[in-house]
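Sequential numbering from 0 applies to the sequence shown in numbering that gives the first Met the number 0.
Errors might be hidden in some of the hints.
Derived DSS-like pairs: lysine-lysine, alpha-carbon spacing no greater than 27 angstroms straight-line [to be verified]:
no.	residue 1	residue 2
1	K97	K108
2	K104	K142
3	K166	K97
4	K97	K69
5	K69	K164
6	K142	K108
7	K164	K108
8	K104	K164
9	K69	K104
10	K142	K164
11	K166	K142
12	K166	K99
13	K104	K166
Pair by pair, the computed Cβ-Cβ distance ranges are [as the list claims (entries may be wrong)]:
no.	residue 1	residue 2	range
14	Q13	L55	18 to 26 angstroms
15	Q152	A25	22 to 30 angstroms
16	E45	K104	33 to 41 angstroms
17	E30	S109	14 to 22 angstroms
18	V41	P165	21 to 29 angstroms
19	Q129	T66	29 to 37 angstroms
20	A116	R33	32 to 40 angstroms
21	V24	Y53	30 to 38 angstroms
22	R128	K164	16 to 24 angstroms
23	L55	Y20	40 to 48 angstroms
24	K166	R105	35 to 43 angstroms
Note that these hints are calculated values from the structure, not bench results. Even for Gly, the Cβ is constructed at its ideal location relative to N, Cα and C.
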Amino acid sequence: MSLNLANMLQTSIQFRNQFNYEHQVAVRPEEGLRMDYVSLNVALAELASSMGWYRLGESVPEVDQATLLKQYIDVLNHVFWVAARQTWSHLIVLDDEKLKALVAKRPAKSLSQQFLATQHFLDQSLFERQQAAFEHAWHLILKLGLVDLHFDQDQIETTYLTTFKPKA
Numbered sequence: 000m001s002l003n004l005a006n007m008l009q010t011s012i013q014f015r016n017q018f019n020y021e022h023q024v025a026v027r028p029e030e031g032l033r034m035d036y037v038s039l040n041v042a043l044a045e046l047a048s049s050m051g052w053y054r055l056g057e058s059v060p061e062v063d064q065a066t067l068l069k070q071y072i073d074v075l076n077h078v079f080w081v082a083a084r085q086t087w088s089h090l091i092v093l094d095d096e097k098l099k100a101l102v103a104k105r106p107a108k109s110l111s112q113q114f115l116a117t118q119h120f121l122d123q124s125l126f127e128r129q130q131a132a133f134e135h136a137w138h139l140i141l142k143l144g145l146v147d148l149h150f151d152q153d154q155i156e157t158t159y160l161t162t163f164k165p166k167a
């Protein structure tokens, strides 16, 4: 099975719309966009903190794969929110060939470099409204989960849809 990113994106949008309606959330579009980027940056930082690769000489508490997976899908959810708010949802969906090519990539030599590059591209996508930068950040985030963290596509999708399923 291939990762159904379109379904995950749609689920994310429905989940968010339902939450906003139930909690009467209303913010100006530009402030909402900034909040979505901050939420994405925080989710990425929390995942990096749990992974702990950058803490040289420090003891890092072991984190199980289930916890990392939950943190990773939280990152995905925030990526979907940014894409939807920027009207860049078309950048999220990858065909099977592109997804296979992404999965075939080598693990990152430096997770620090990958993290910083992702942050850089996200900043460019916000401040300079660069779709290509957002798309590159998205691909780095997908690769992080599929290649560097070794999550299975089915595992990601199932956990995502279970976690962010809108109420009936």
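Comparing the hints with the structure gives:
1. Taking the CA atoms of K97 and K108, the gap is about 21 angstroms. The hint holds against a cut of 27 angstroms.
2. Simply put, K104 and K142 have alpha-carbon atoms about 8 angstroms apart, close enough for the 27 angstroms limit, and the pair holds.
3. Between K166 and K97 the CA atoms are separated by roughly 32 angstroms; this puts the pair beyond 27 angstroms, and the hint is violated.
4. Between the alpha carbons of K97 and K69 the distance comes to roughly 24 angstroms, so the proposed pair stays at or under 27 angstroms and holds.
5. This hinted pair checks out: K69 and K164 have alpha carbons roughly 14 angstroms apart, not beyond 27 angstroms.
6. At roughly 13 angstroms between alpha-carbon atoms, K142 and K108 fall within 27 angstroms of each other, so this suggested pair holds.
7. Between K164 and K108 the alpha-carbon distance is near 35 angstroms, which puts this suggested pair outside the 27 angstroms criterion.
8. Restraint check: the Cα-Cα separation between K104 and K164 comes to about 31 angstroms, which exceeds 27 angstroms; the hinted pair is violated.
9. Under the criterion of a C-alpha separation no larger than 27 angstroms, the hint pairing K69 with K104 is consistent with the structure, at around 23 angstroms.
10. With a CA separation close to 24 angstroms, the supplied pair K142 and K164 stays within the 27 angstroms bound.
11. Only pairs whose Cα atoms come within 27 angstroms are accepted, and K166 paired with K142 is rejected, the gap being roughly 30 angstroms.
12. Annotation: proposed proximity of K166 to K99 is violated, straight-line Cα distance about 33 angstroms (limit 27 angstroms).
13. Among the hinted pairs, K104 with K166 is inconsistent with the structure: their alpha-carbon atoms are about 37 angstroms apart, more than 27 angstroms.
14. At about 42 angstroms, the beta-carbon gap between Q13 and L55 misses the expected band of 18 to 26 angstroms.
15. Taken as a hint, the range 22 to 30 angstroms is violated for the pair Q152 and A25, whose Cβ atoms sit roughly 36 angstroms apart.
16. At roughly 24 angstroms, the beta carbons of E45 and K104 sit outside the given window of 33 to 41 angstroms.
17. Distance hint check for E30 and S109: the Cβ-Cβ separation is about 34 angstroms, which falls outside the suggested range of 14 to 22 angstroms.
18. One distance hint, 21 to 29 angstroms for the beta-carbon pair V41 and P165, holds here, with the actual separation near 23 angstroms.
19. Checked against the given bound of 29 to 37 angstroms, the beta carbons of Q129 and T66, roughly 33 angstroms apart, stay inside it.
20. In this structure the supplied range 32 to 40 angstroms is violated for A116 paired with R33, their Cβ-Cβ distance being about 21 angstroms.
21. In this structure the hint that V24 and Y53 lie 30 to 38 angstroms apart at CB holds, the actual value being about 34 angstroms.
22. For the pair R128 and K164, the beta carbons lie near 32 angstroms from each other, so the given range of 16 to 24 angstroms is not met.
23. In this structure the hint that L55 and Y20 lie 40 to 48 angstroms apart at CB holds, the actual value being about 46 angstroms.
24. The hint said 35 to 43 angstroms for the Cβ distance between K166 and R105, and at roughly 41 angstroms that hint holds.
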